[in-house]
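Each chain, written out:
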Amino acid sequence: DQQVKQNSPSLSVQEGRISILNCDYTNSMFDYFLWYKKYPAEGPTFLISISSIKDKNEDGRFTVFLNKSAKHLSLHIVPSQPGDSAVYFCAARGTGGSYIPTFGRGTSLIVHP
Amino acid sequence: DTAVSQTPKYLVTQMGNDKSIKCEQNLGHDTMYWYKQDSKKFLKIMFSYNNKELIINETVPNRFSPKSPDKAHLNLHINSLELGDSAVYFCASSPVGTSDPDTQYFGPGTRLTVL
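Quick note, the sequences are listed as chains U and Z, same order. Position one of the first sequence corresponds to residue -3 (my numbering), numbered consecutively onward. Position one of the second sequence corresponds to residue 28 (my numbering), numbered consecutively onward.
Quick caveat, the hints were computed from the structure, so don't treat them as lab data. Treat the hints with care, since some could be wrong.
Said to hold, decoys possible - Straight line, CA to CA, 20 Å or less: simulated SDA-like cross-link-like pairs of lysine to any residue:
id, chain 1, residue 1, chain 2, residue 2
1, Z, 67, U, 90
2, Z, 79, Z, 89
3, Z, 71, U, 12
4, Z, 71, U, -3
5, Z, 63, U, 5
6, Z, 71, U, 65
7, Z, 71, U, 62
8, Z, 49, Z, 38
9, Z, 98, Z, 67
10, Z, 68, U, 13
Just so we're clear, the structure is a prediction, and the values are computed from it rather than from any experiment.
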């Protein structure tokens, strides 16, 4: 029962272009969403997050968009750089005492020079 | 000055053995976690500890026993290892109770291979 789905296992983009990573969720109780980035042989690192009261959050080259009605969020990276090549995990959590998110299975982004 | 460290990084062992993975964080966080990333790449929560006390145990076989000697350490002991235990195990911590409770800080992972 995948509550957070990243249906594209991989994405290939040219340097300088936009990378768009997508994420869908099924649990309507989720109200906080996060993106983590993971390099090989390292643990995931927090990238950007968004609360359900917003539909957009921007941090430098990274922007996350949230469409609550569609239960969909996306991460935009503009412009993409070779150093952005990594696995990107989408995660979501609901209200309540636990801050433990449910993770998707990740999308591997490759940015070609 | 590694924030969350795990040892060992790689662990290869035979079925039936008992092994431990150690985790330490120097971030001063009260909450620590163990995650398992299986062959399908999902990161699934196994345990959560807050101030040395078990908060969450997510349907993990009781062959897995976490131990938190202090709030900076959360070790994972696994008895009678099975083939299906092969995975990458990540330790994490988070500053729950602060203004940034959601951000989790992960260790580099321990790749466990059971033969």
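Satisfaction of hint between residue 89 of chain Z and residue 79 of chain Z, Cα-Cα up to 20 Å: Holds - the C-alpha atoms of residue 89 of chain Z and residue 79 of chain Z are around 18 Å apart, at most 20 Å.
20 Å limit on alpha-carbon distance, applied to hinted pair residue 68 of chain Z and residue 13 of chain U: Given that 20 Å is the threshold and the Cα spacing comes to 27 Å, the pair is violated.
20 Å limit on alpha-carbon distance, applied to hinted pair residue 67 of chain Z and residue 90 of chain U: violated (24 Å)
Residue 71 of chain Z paired with residue -3 of chain U [C-alpha distance capped at 20 Å]: holds (12 Å)
Agreement of residue 63 of chain Z and residue 5 of chain U with the hint, judged by alpha carbon distance not exceeding 20 Å: holds (19 Å)
Pair hint residue 98 of chain Z and residue 67 of chain Z, alpha-carbon separation not exceeding 20 Å: violated (31 Å)
Given pair status - residue 38 of chain Z, residue 49 of chain Z, alpha carbons within 20 Å: Measuring from Cα to Cα gives roughly 12 Å; hence the hint holds.
Proposed proximity, residue 65 of chain U with residue 71 of chain Z (alpha carbon, max 20 Å): Not OK: residue 71 of chain Z and residue 65 of chain U at ~26 Å, beyond 20 Å, violated.
20 Å limit on alpha-carbon distance, applied to hinted pair residue 71 of chain Z and residue 12 of chain U: violated (34 Å)
Residue 71 of chain Z paired with residue 62 of chain U [C-alpha distance capped at 20 Å]: violated (23 Å)
Violated hints, in rising order: 1, 3, 6, 7, 9 and 10; the structure is consistent with all others.
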